[in-house]
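Produce the entire structure from the sequences given, and follow the hints as far as they go.
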Amino acid sequence: MEGLYLIARIAGQMVAIDSDQVESVIDLSDVTPIPLAPDHVVGISAIRSRVVTVIDSCAALGRAPAEATGRAIIVGLEGHYYAVLVEDVEDVLPFIATPLPDGIVLDPQWRELGRGFVDRDGEPLLIIDPTGIVSACPSEP
Amino acid sequence: MDDLLQEFVAETRETLEALSGEIVAWEASPGDRARLDAIFRFVHTVKGSCGFLDLPRLERLSHAAEDALAQVRDGTRIPDSRLVNAVLGIVDRIGEIVEAIDGGHALDHSGEDLLIAALEEGAAEAPDAVASIARHSARSVRLSVDLLDRMMSGMSDMVLARNELARQLREIDCGPVVEGALERLSATVADMRDAVTRTRMQKLDALFSALPRVVRDTATKLDKMVTLQIEGADVELDREMIEAMRDPLVHIIRNAIDHGIETPDERLGVGKPAAGRLTIAARQTGNQIVIEIMDDGRGIDVAGVIARLAATGDRSEAQLHALSERAKLALIFEPGLTTKDTASDVSGRGVGMDVVRSSVDQIGGRIDLQNSPGRGLHIVLHLPLTLSIISAVTVGAGSHRFAIPRQSVEEIVNAAGRNIRVDRFGTGDVATVRGRKYPLVHLGELLGIAERAATATGMLVIVGVGTGSYAMAVDTVFDTEELVIKPAAPQVVASGVYGGQTLPDNGQPMLVLDTAGVAARADVRFGLHNAFDAGEEEESEDPGMPLLLFLDLDGQQRSIPLDVVDRIEKARAEAVSMSGGRLRIDRDGTLITLVVTGDVPDKGQIALLRLNCGLGEMAYAVREAFDIVYVHDAVTPGEPGAVAGVAMIEGEPVEMIDPNWLFDQFRGSVPARHAAPLCLIAGGEDGWMRNFIGPLMESAGYRTAFRLDDEMPDMVIVREGDAVKGVPPARHIHLTDRRDNAETSGSIFRYDRNALLNAAKDRVAKAG
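If you're matching them up, the sequences are chains V and W in order.
Just so we're aligned, residue 4 is where the first sequence starts under my numbering, counting upward by one.
Just so we're aligned, residue 1088 is where the second sequence starts under my numbering, counting upward by one.
Hint data in this document are derived by calculation from the structure and do not stem from the laboratory.
Hints are not guaranteed to be accurate.
[Stated by the list, open to error] Not the full set, but computed from the structure, chain V residues with beta-carbon under 10 Å of chain W:
1. T35
2. I37
3. R51
4. S52
5. V54
6. H83
We put the beta carbon where it would ideally sit given N, CA and C, even for glycine.
This is the structure:
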């Protein structure tokens, strides 16, 4: 099935995200930190009149922190809006999704998020569910 | 038209529309219980609202229909097509009257008696409904909540844009013309925002203002006495939520008065005041609005409920008894339950509670019951917070800003102010504000954003959380503002200290503190101590007597009632000296009487418990103070002397210093002429004299006595017309209950505090 996918780099990995799941792509300015929040919750920020919770995807996935660009994708989950930090957004393109092949070896975190693959000029990109990053519970280091 | 009436019309009209399908379905299968319940609830609700709005015609119709339907629900009557027709006739008639009310035109009574008579068993067929009245054009419109939400968020965007524009214009100095235009824009935007906000929000007052009347009417009908107390009417809530709660709340209150609160005679018989108490309190906590309804009546008779359900339902008594306590209480929500033999005009059919539950379920809320048989019922409605406007105090801790709901703030004091002290007991700090002690929570430290300051700086916010109060130390208090609170994401709320988020006009989002959550996080517990079993509800309400534990100079661990300790200070042992036959300690040039048990070391640091005995400065010297504990059990009395008795603290016996002995030691050191004038309060059996006049005189520096002793009092306070033998009449102060009497009779109006104190001064001057 063909659909529009957002190609982004999250925690050092190029991935594809179903554009229906992304409200918008924004550049965050001020983020108000939240004391006592889990490590992957950076803070809250205002996108016009909407308050969003900012999620550090590297921390959520248990990865080393990447350079902060302030770029984020806005996703909705259970009535709340989240800004999921990404390193880069490259493009929005139509692709045909293929399911995850059996026996593929993926990091457990990516496996959790993985929904399939798209093929960009011979380069396979993992389709991820961005709400999975929001609800991820990074294990204590 | 009256707002309430208009709401009633709109609501009834809407329910009628929804009900029309049900009625047709019920006509097709009169045995269908669910349809029957729906129609029954409708007429019941109409009946309830009519009684309240004083619409006797509608009330008569709905009451008659309700009676007939109740018989069907009880199984004493089989529904037939004749009954269905009669009920439909009534429902149609209700619709017509409602339209007539809305249109403001008259509708004649003809046929109503026939309609009611047709409900009787074996009655003739109901007459055909009167021709329908043309529907009056509606004066209100109904909009989808989504649209209102878009309007509200558009409005917030507009406010933020206006603020940004104002900032930019200020920088370039644009001149008076542009400034004037901007000002006009600002005023319009503010007006608009107010209006737009009101499309969705309403003060809870709109819901609560009708309740005093409901309580009064219900109580009068049942010959009961009820005092109603309402708290938290200022909270602004989603209109949807307020509308959804209107009927359930009225049902709960009627039930509480009818079933819960006893008649004055019964109440007096069991030692309760004749008037029952009904308290309704609302507050926002976490992502919820909590509405509590508390009465001090007889509570739910669980065994009675079970017997009744077993008699009418299909479960046996044994089955019901096997349920958990919680499940047993929840049985009162069963449809058709009644615990009364006769159906009263007020409630009595138990219909209220199943309606209540279905309404609360509908908006995603939850009901908790806390039943204390013989002592009352506490119903807690938890409603989801969609959005609300609260008045909030913004505070700063480190570089962070937070909002605290104004409702939970008791007062705000400067930590460096007079009458304010902060002492460390063990690991916890205690703030003493004008003699009252509060556990102290350092917000910055609790949130891990700042170190605890070595000295008291900043502000103390005294926060009440229902079970008790505590002091929250913050760096700054900024402002009080009205904030639109929205729920925060679950990841944010998880830590338990935040109750929501808000976007103030400056565009910087801010978190709202959940004050109860902060207390829990800081491990501040009220009325509980782990050494004692907290299982009993009574115990958790009574925190017990607080004792300060300390290591005495002789190496013993002892305690003293915390209430008499004013503050704790560090001192050098070298400052202690013997003068005039007593130990004294030099505090900044003033010699203060010191009492000790054991020997004062020659040098080193000691701690002084500064005691408040009302007569002057004194102190008790110890090695160090280390904890505060609460004791519930009576203290085992000891021999007369320094030790009042022994308290069991965490299984260890700990001696408790007798504060009276300490004060006696002190008194011995004060020359007799310094003794405060003695005030005899006659008529001390009168609680008011003892509890009000006594402390008043003591706080003004007098000693008080309630009967004549060896010592001649300097003054006697008596009720008008009384006198104490053996005391010169000139030393009497007479109190009167009537203000207008006071001037002519030379008496003092009993609430006139200043006049009383002046009279006391006058008597002392004459006596001296």
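Against the earlier hints, flag every one the structure doesn't satisfy and list their numbers going up. none
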